[in-house]
Amino acid sequence: MTRNAPTSRILKNDYFSLLMLLFIGGVWMMAIGGSIIGALPEHQGEPFEVNIPLVVLLVVIAVVVTLLLGWLARQRIGDFKRIISSGPEVQGRIQSIHFFKDRGRVEYDYQFEGESYHAGNAIWKNRETTPFREGDAITLILDPDKPSRAFIAALYT
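Heads up: the sequence shown begins at 1 in UniProt numbering, then just goes up one per residue.
It should be emphasised that the hints constitute simulated quantities derived from the structure, not laboratory data.
Because the structure is a prediction, the values reported are computed rather than measured.
All C-beta atoms in this analysis are idealised placements derived from N, C-alpha and C, irrespective of residue type, glycine included.
Errors might be hidden in some of the hints.
Said to hold, decoys possible - Pairs of lysine-lysine, BS3-like flavour, derived with a Cα cap of 25 Å: (1) LYS125 to LYS81; (2) LYS146 to LYS101; (3) LYS146 to LYS12.
Stated by the list, open to error - Derived CB-CB ranges, DEER-like: (4) SER85 to ASN126: 51 to 61 Å; (5) ARG82 to LEU22: 21 to 31 Å; (6) THR139 to ILE32: 40 to 50 Å.
Generate the whole structure from the sequences, applying the supplied hints.
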């Protein structure tokens, strides 16, 4: 069975995928802001000088962070897509779910090929995640290469 996992649904529900991309944006905002602040004259009336080494340093940091976190986010989203598209479905039960402000965690138990597993996900608080309650029966999609890793099907398909 081939299922589709749109990137937008992964970013909407998976805490770490979106957090990495938001962090990249924040680093660029700081780099641009730091470049502007570093380019402002120290005292009024003095000639305007751009602090080139500061600008270069901030841009290099932003590029390195973008490459690293962009690669990690791409890998994580790719893993989600691979697992959702080809992983087996099993039934599970939510053992705990809690939220703190805009983020949360859901933990669930399930069985696969005679073995019991316990897994969980860091999630965003939104209209798709808030209806879940402890004890709810859920459909999970397992990583075919690592059955101890599972995702709630309703959040990503």
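Verification of the hints:
1. LYS125 to LYS81: Within the cut-off at roughly 21 Å; holds.
2. LYS146 to LYS101: 31 Å, violated
3. LYS146 to LYS12: 24 Å, holds
4. SER85 to ASN126: 51 to 61 Å: For SER85 and ASN126 the Cβ distance comes to about 23 Å; the hint is violated.
5. ARG82 to LEU22: 21 to 31 Å: 23 Å, holds
6. THR139 to ILE32: 40 to 50 Å: 44 Å, holds
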